Structure formats: structure tokens, C-alpha cells
Amino acid sequence: GQQVMQIPQYQHVQEGEDFTTYCNSSTTLSNIQWYKQRPGGHPVFLIQLVKSGEVKKQKRLTFQFGEAKKNSSLHITATQTTDVGTYFCAGALEIKAAGNKLTFGGGTRVLVKP
Amino acid sequence: NAGVTQTPKFQVLKTGQSMTLQCAQDMNHEYMSWYRQDPGMGLRLIHYSVGAGITDQGEVPNGYNVSRSTTEDFPLRLLSAAPSQTSVYFCASSYWGQGSSPLHFGNGTRLTVT
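Here the protein sequences come in this chain order: A and B.
Just so it is clear: in the first sequence, position 85 is 80 by our numbering, and no numbers are missing.
If you count the second sequence from 1, you need to add 1260 to reach our numbering.
A hint or two may mislead.
Said to hold, decoys possible - Ranges between beta-carbon positions, derived for each pair:
1. 1278(B) with 62(A): 32 to 40 Å
2. 1321(B) with 33(A): 26 to 34 Å
3. 3(A) with 1270(B): 45 to 53 Å
4. 1265(B) with 33(A): 30 to 38 Å
5. 23(A) with 1265(B): 18 to 26 Å
6. 1327(B) with 72(A): 44 to 52 Å
7. 1319(B) with 51(A): 40 to 48 Å
8. 15(A) with 1329(B): 19 to 27 Å
9. 39(A) with 1277(B): 44 to 52 Å
10. 70(A) with 1277(B): 29 to 37 Å
Claimed, not checked - For lysine to aspartate or glutamate, the following EDC-like pairs were computed, each having C-alpha atoms within a straight-line distance of at most 16 Å:
11. 46(A) with 62(A)
12. 96(A) with 1333(B)
13. 54(A) with 78(A)
14. 65(A) with 49(A)
15. 96(A) with 1319(B)
16. 51(A) with 62(A)
FYI, nobody ran anything at the bench for these hints, they're computed from the structure.
Nothing here was measured: the structure is a model prediction, and the numbers come from that model.
Quick reminder that beta carbons are idealized off the backbone N, C-alpha and C, glycines included.
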């Protein structure tokens, strides 16, 4: 079945540095969503990417969807303590006559060192 | 606008007990779903519903039942709790189905089965 893998599982970042987390799917996706979950909280939707090669920015966050629509990345510049949390990607696979099937990756847990 | 409301926030059960986790949304979303979150495994879909009277199984449905009598409510029933069901449970809703629009998550229920 469809698998969505995220790497790394953990990311320790010095405050002010940049980092990237990656999401890879075993199958071609119709779109990909990214969520952020603060410690003790619930996942909150960040963005959805639909087009091949699409790049979207939200302040210090840059999201990219691969040309083959099988991978995605989230790049954070100048990391701040407010970036602490777990970032999940969720890949949507189109199933004809059944709509989309959404599969979450295992998440990248980000810890920021002040 | 309350969004997605889950109750209770915490629950401890003994093996074999039954209980219902409540979920309600006030956004008039047709799609509702239940996920469980275990360390390192991301979010796994238990059951989902695309509208009142319609439910279907997700990735890990065994040991759980759902019903959808109204658009607003989507309760999750544990028939006979087992220690393997110790987890954090999230209810989520969206305007369209899986992966077609952003998921709105409730605050979660932390369940421990002893």
C-alpha cells in the first residue's frame, strides 16, 4: 500500500540556523499537505501543494512539491523557538471513484537550542 | 466558532471496559474522521465518514465502531478496551474528503488502558 516516509525523524537545530525536512512517497500523489503539531497540541494545517514543482512560502517556511509529485520538502530559515514541534506531511493519493486517500508521514520532531 | 470539540481530554480504562469518545464540529463539514497517534508512527486513520449515515473503515479499524447520525457528531466507540489501544485520539473534519481540503483537528483524547 501507499507509504509516506519523513526524514529525519528528529532534528536538533541551533536557533538562527536553517533546516530542511523531507517527505517521500512510494506512489505519485495528487497533492500533499503539511501540518504542524506543537508539544501537547493537535496538528494544525499549514499548506497544501497541488502542482508538480510547486513552491509556496509562508514567512520563513518554504514548501516544495517535487516534479514527479512523489516528494516534498519543508525548509525553515532562521529557526526560532516558536518553530518547536512536529511537522507532518500527508500525501493524498487519488483513487478513482473513491476520492482521495490521505496518508500521514511519521513526522519530523524539531527541537530548537537557544 | 468552536471548530472541532472532543471529549473527554483524558481517560483511563481497564482492559475489557467500553467507552465512547465524543466528537462534534460546528463548521458544517461533511467529512469527519478519527485518527490515533502513537510515538513515531504519525497519524493513522481509524474510521471516517463522508456524510451523515455513511461511514467506512480506515487503516486500523479493528476494535472500534463509529456512527454518523448527524452532520455535527461522529462518536468513536471502543467495544472492549485493550492495552494496545492506549494512544492519543484525534477527531478531524474537513469541507471535502480526505486530502481534498485541510483537516481541522480537535484537541485530542489521551487514552490509557491498563
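Exercise for review: Indicate whether the distance between the beta carbons of residue 1278(B) and residue 62(A) respects the range 32 to 40 Å.
Suggested key: violated (50 Å)
Practice item. Could you check the hint for me, namely that residue 1327(B) and residue 72(A) are 44 to 52 Å apart, CB to CB? Key: holds (46 Å)
Review point. Does the Cβ-Cβ separation between residue 1321(B) and residue 33(A) fall within 26 to 34 Å?
Key: Roughly 29 Å apart at Cβ, these two residues keep to the hinted range, so it holds.
**Study point:** Pair hint outcome, residue 54(A) versus residue 78(A) [Cα-Cα no greater than 16 Å]
**Key:** Measuring from Cα to Cα gives roughly 12 Å; hence the hint holds.
Exercise for review: Note whether the CB distance of residue 3(A) and residue 1270(B) lies within 45 to 53 Å or breaks it.
Suggested key: Violated, since residue 3(A) and residue 1270(B) (Cβ atoms, about 31 Å apart) do not stay within the stated range.
Point to revise | Consistency of beta-carbon spacing, residue 1329(B) to residue 15(A), with hint 19 to 27 Å | key: Hint violated: Cβ distance 45 Å, outside 19 to 27 Å.
Review point. Is the Cα-Cα distance between residue 96(A) and residue 1333(B) 16 Å or less?
Key: violated (22 Å)
Exercise for review: Starting from residue 65(A), check that the Cα of residue 49(A) is at most 16 Å away, please.
Suggested key: Status holds; Cα separation ~12 Å.
Point to revise | Range hint compliance [Cβ, residue 39(A) to residue 1277(B), 44 to 52 Å] | key: violated (32 Å)
Practice item. With respect to the beta-carbon atoms only, verify the hint that residue 70(A) and residue 1277(B) lie 29 to 37 Å apart. Key: Given range 29 to 37 Å: violated, Cβ gap about 46 Å.
Review point. Within 30 to 38 Å or not, the Cβ separation of residue 1265(B) and residue 33(A)?
Key: violated (19 Å)
Exercise for review: Below or equal to 16 Å on CA atoms is what counts here, so check residue 46(A) against residue 62(A).
Suggested key: holds (8 Å)
Going through the hint list in order, the structure does not satisfy hints 1, 3, 4, 5, 7, 8, 9, 10, 12.
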